[in-house]
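S.K.: Sequence lines, in order, name chains L and H. Residue numbering for the first sequence follows our numbering, starting at 1 and increasing by one per position. Residue numbering for the second sequence follows our numbering, starting at 1 and increasing by one per position.
Please note that the accuracy of each hint is not assured.
Which copy is meant is left open, because identical chains are indistinguishable; a pair holds if it fits in one copy or across any two.
When the alpha-carbon atoms are kept at most 16 Å apart in a straight line, the in silico EDC-like pairs for lysine to aspartate or glutamate are as follows [claimed, not checked]:
| # | residue 1 | residue 2 |
| --- | --- | --- |
| 1 | LYS30 | GLU589 |
| 2 | LYS611 | GLU589 |
| 3 | LYS611 | ASP650 |
| 4 | LYS92 | ASP75 |
| 5 | LYS611 | GLU543 |
| 6 | LYS419 | ASP383 |
Worth flagging that the hints you see were computed from the coordinates, not collected in a lab.
Protein chains: 2
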Amino acid sequence: MGFNSRHDDLNTLLEPASVAIVGASDNPDKIGGRPIFYMRRHGYAGTIYPINPQRAEVQGERAWPSLDALPATPDLAIVAVAGEQAVQAVDKCAELGVSTAIVISAGFSETGSAGKALQDAMTARARAAGMRIVGPNSQGLANFGNGAIACFSTMFLEVEPADGPVAVISQSGGMSAMIYGLLRQRGIGVRHMHATGNEADVTVSELACAVLRDPQVRMVLLYLESLQDADVLARAAALARERGVPLIAVKSGRSEAGARAAASHTGAMASEDRVVDAYFEHHGILRARDPHELVRWAELSLRGPLPRGPRVVVVSNSGASCVLASDAAVEHGLQITPLADRTQQALTDRLPGYATTTNPIDITAALLSNNGLFGQVLPVIADDPAADMFLIDIPVAGRGYDVETFAADTAEFAAASGKPVAVVAWQENVAATFRARGVAVYADEQQAANAMASLYRLHQWQARDTAPRHDAEQGTPSSFDELSSPSRFLSESQSLALLSDYGLTVADYRCCTDADTAVAAWRTINAPVALKACSAQLPHKSEHGLVALRLNSEHDLREALHRQAQTLKDLNVHDATWIVARMQGGLHECALGMRHDPVFGPVIMIGSGGKYVEAMQDVALLLPPFNTEDVIRKLQGLRIGTLLTGVRGDPPADMEALAEQAVRLGQCALAANGKIASIDINPVLVRAQGQGAIALDALVELSNSSET
Amino acid sequence: MGFNSRHDDLNTLLEPASVAIVGASDNPDKIGGRPIFYMRRHGYAGTIYPINPQRAEVQGERAWPSLDALPATPDLAIVAVAGEQAVQAVDKCAELGVSTAIVISAGFSETGSAGKALQDAMTARARAAGMRIVGPNSQGLANFGNGAIACFSTMFLEVEPADGPVAVISQSGGMSAMIYGLLRQRGIGVRHMHATGNEADVTVSELACAVLRDPQVRMVLLYLESLQDADVLARAAALARERGVPLIAVKSGRSEAGARAAASHTGAMASEDRVVDAYFEHHGILRARDPHELVRWAELSLRGPLPRGPRVVVVSNSGASCVLASDAAVEHGLQITPLADRTQQALTDRLPGYATTTNPIDITAALLSNNGLFGQVLPVIADDPAADMFLIDIPVAGRGYDVETFAADTAEFAAASGKPVAVVAWQENVAATFRARGVAVYADEQQAANAMASLYRLHQWQARDTAPRHDAEQGTPSSFDELSSPSRFLSESQSLALLSDYGLTVADYRCCTDADTAVAAWRTINAPVALKACSAQLPHKSEHGLVALRLNSEHDLREALHRQAQTLKDLNVHDATWIVARMQGGLHECALGMRHDPVFGPVIMIGSGGKYVEAMQDVALLLPPFNTEDVIRKLQGLRIGTLLTGVRGDPPADMEALAEQAVRLGQCALAANGKIASIDINPVLVRAQGQGAIALDALVELSNSSET
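So here's chain L without its partners, still in its complex pose:
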């Protein structure tokens, strides 16, 4: 976006010494009135300059007739006037040397191409003058740390603000308000709530970097519909990781229909959604489905440490809830394992005879007659090896139950155990009692297990070694500048040669120009071979019958070559050569691929190979660089991963070698630096453990800029 070096500027945006409001209103319910009302309510210590030619005073602050009339240049200007007036105000701000203008006014790119042109021109003038723009069509920014509430959201009237550890940054004003409201409903304080609107200039990613400089911020939550500056968000992710601050994001438009709806109001092109997933995973940004899930994850994370393992201990006063919680945990990839014998014995000593003490722990309705049961049971299980986290499920409470004591016991336990604790309680008063003690509470087991599983995933991401484990032992990798082809594609032999340069193991093949050289190649290989015509003009040769397999005599080889030559002639292809390749045996056919995404850069694909690679949909994506452990983790989530472990009497396959191929493909893709549009390697033949994996066929597609 060209502003990567400038996001330090945004500090004055978040901490302005003075704020002008163009279109200031005395009515605190008008868009031009709300920010003044809020700044006064929240003790903003800087100078407020209401601009209103009609009034001497606005909401008790001295008003000014125009920007020109101001005694000093404000750090920040809020533009809350409509149409042409807004453009004029922005131009004036730029002229006066205002640092940033928040353009609340609508009627720009969201209305179509004329509005887009207006917006682009206005932004270009501002940039030329060195001014940043938030918006247009922005709900504004709010910093409850210093009372700089340059925002007109109704939500601060509906739900009382409280400063706290969370920063919310959203393209959509509605979503920023909703996330704020959901957090506050859960008793969580919010410091920053920023909405970027049309993002003519300042983006969510830049603001994420900016709020991460606020030491009070311990959690950053994003709502995105488009993402153009993946590099800036990656920098925010790195900052967050450094500071140990979880970064959780909703990126909506997951489906085609959703992406279409998003494009209709953001105008942004959509990347394939699973690439977005791979990007978030690569940078350790947890991706929530919607603002509700986002806030549920935030609550668990704010209330305690991340889960360090997948094992959940369930405690409930209802046997049915024990079952539902176990189901939910397992469905979210967590584990329910029995408690250690000594823990069970200790529980048996404390619980009535018909309670179950394995895991889940059903303390039964005995809770009704002994309100101290939680306090007696919890410390016993705190250090059990089966316990990475705790789910406490109270489906029924009310008259006769001492919920205050349950909550106090639970909070004390959560603090002492140093492990995450989630309570499930659907009754509002029960939930509120636990929340008041700082315990995370969910309406049902699915929500609790989902939050636990997601934060465990975040722990795993944080724990992984992101550096490639070792460099590929490369010869002299190709210079991508020298790549050229008469078509968009490299021929198979060029493709294989390129991959081989980057250390991938490729088929044992010879390039041949005619029947004699082909026969000579076969004699050298001294085994059955495949004969494949090879031309950059024919990327999909098998569709033309230009592949002959299992040839093992001079006669068969010459005959096959003759037939292929005839076909090539019919197809009017004159530059073809041939590949003679040793027929290979192996256990499984996998596929490797690479695509260069315009936003996210190279993306590596790995999965089931063969003819039906698309229909089988058994693939995983990774963003390079990554190491073999990352690849193996991904393979383990695929069907082919199960086969590679060796089922039905098969020996285990060489997953490590396959993973190594993927790592080297990733290195190749990074080195290509956008010069390659895609690479398809299918099949990659995987052999038994220790015997390697071989790329048998490959097709490299150059990007437009590389085409000659």
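Place chain H on chain L using the hints.
M.R.: This is chain H only, laid out in the frame that chain L set:
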């Protein structure tokens, strides 16, 4: 369970003319006091007989010293005393001719084997005397239609009861109370709330049949942890279908850990969970994941008709919510399709210029300045062909918004359109305003789309033709009584013959006893053949190398047979014969299977075949009888279903023929009536459309009772 003919008895349980309470307490917060308190509060018009030797009066009702002292035999007795006293009271009730005893007392099968023996003996005595038992360990039954509240739940104190169209029946008392509470939170009236506890006698299924006889009941919700009387629940489902009453159930213990937890407190064996799914689908019982989902589905269903198609129209005052709602709809299998041109034109006339009018419809923040927008927009879209249902998403409202008008307009629209309408609103006051108008409201788009998709599935189930489309043209099907085998298995030739009798197309094969007959068979077939040794003692012959493929000369055939004979001798198998079968070509290898489940009867499996059938996990289950349309619908949900349609240049495969094979296997399984434990047919070779599907290998396993 042996009581199938008796559930009519349960009418006196739901409408007792008199209720005795053994262990009656004057304290309305004691278990023996609550039912009396509730019956008086809810105007129970029958006679209440508190049994308490210590008091002359209990909560204003005349008390009696013992059951023996009662002036008449009560219809119903609530046993709320502990231990041995409970058993004595039950015995006394049986002796006196009480119709049903609700045993609230715990300490029976849930405590282990001694408690189980006590419970079994008590139940046997009661049954012998003609008395039914609810429980033990039951929270009791409550009928708000007549005030017969034989239940001690705390929840009726926490959440005010209101009679209504819903019946809740649960094994777990806690879950019945929670479902009741969740329904009441949503403003839905509940007539029946029954908990069966240990189910020594009366089951959830029986009570489901009973409440369906109450004409006021328009919705039956179940919570199950075990299901032993699948036939009775099937009858309830048939009754519900007849009456047009949705039957929605939670069956928990979906995961192994959950099933283990359920078994630990119900003692019931678990069926494989996907068999439970197939059973519910077969009987048109919608299966919810947990009580929360159950209640969300119930709300949408009670508020309007079922969706008759998958197309959702989304309307929101936030572009972001339009995106999230589209994502949620698509993720739940629903569709977002553009509105008709004339509808879009009509919308354009009514909405501001920057609103989007395709679908989703973003009415934008203009709603703030025109509170009538909903009323203007909704009627325009009511009859659009893209609209099977409506999702109205209001992520932000509050000061300045006339939510009352939105709600009134929406309710009017819902009534007029005759299509389901769901509102998404997370703000409690906004949700409450819509609910007060009888509109279904969800906290987020995921929940709304999930409910819509589930009810659309129910509509599809109700619309399907459950009768098989035509009878298999059978010759004279085998009599299963005559089946016998020296092992648990039939040999391959016996297995194929059995399937052929039921009209399945099987391999073209000959049974041979030696090399000469094998050669003769090959000459008759006059094409390459497979030679397979055939013995009931060797069900897994390929593991022993007893399958030779693509033989097409006398020499090869004799040599292969000689090798196999040697192997058989080494394995000490002397009863073997051989199958000589024509080698078949086809497009795809599928698999068919059958398992006899002890609770649910025969279950048919269909999916991807070949060596890795288990590892691929690409199978669907169906309960017979079903027709080819049912099978094809299931195939369409599988990866193999995509391949069968013809991808990567393949012709479409004969899915119809494969489905027909499955239908006939279902008929065979039903005819076997439990005599066959399992059938594995793998591969079923599927050819191009019109060219059929052939079972190439089959293995029939007899049930224990059939083994000779």
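S.K.: Does each hint fit the structure? Answer for all of them.
M.R.: Evaluated hints:
1. In this homomeric assembly, LYS30 and GLU589 never come within 16 Å of each other (Cα to Cα): the closest approach is 65 Å inside a single copy and 68 Å across copies.
2. Taking the shortest alpha-carbon separations for LYS611 and GLU589, both the intra-copy value of 10 Å and the inter-copy value of 15 Å come in at or below 16 Å.
3. Within a single copy, LYS611 and ASP650 get their C-alpha atoms only as close as 22 Å, which misses the 16 Å cut-off; across copies the closest is 10 Å, which meets it.
4. In this assembly of identical chains, the alpha carbons of LYS92 and ASP75 lie at most 16 Å apart only when taken from the same copy (14 Å versus 88 Å across copies).
5. In this assembly of identical chains, LYS611 and GLU543 lie within 16 Å of each other by CA distance solely inside one copy; the values are 11 Å within and 28 Å between copies.
6. Within a single copy, LYS419 and ASP383 get their C-alpha atoms as close as 9 Å, which meets the 16 Å cut-off; across copies the closest is 54 Å, which misses it.
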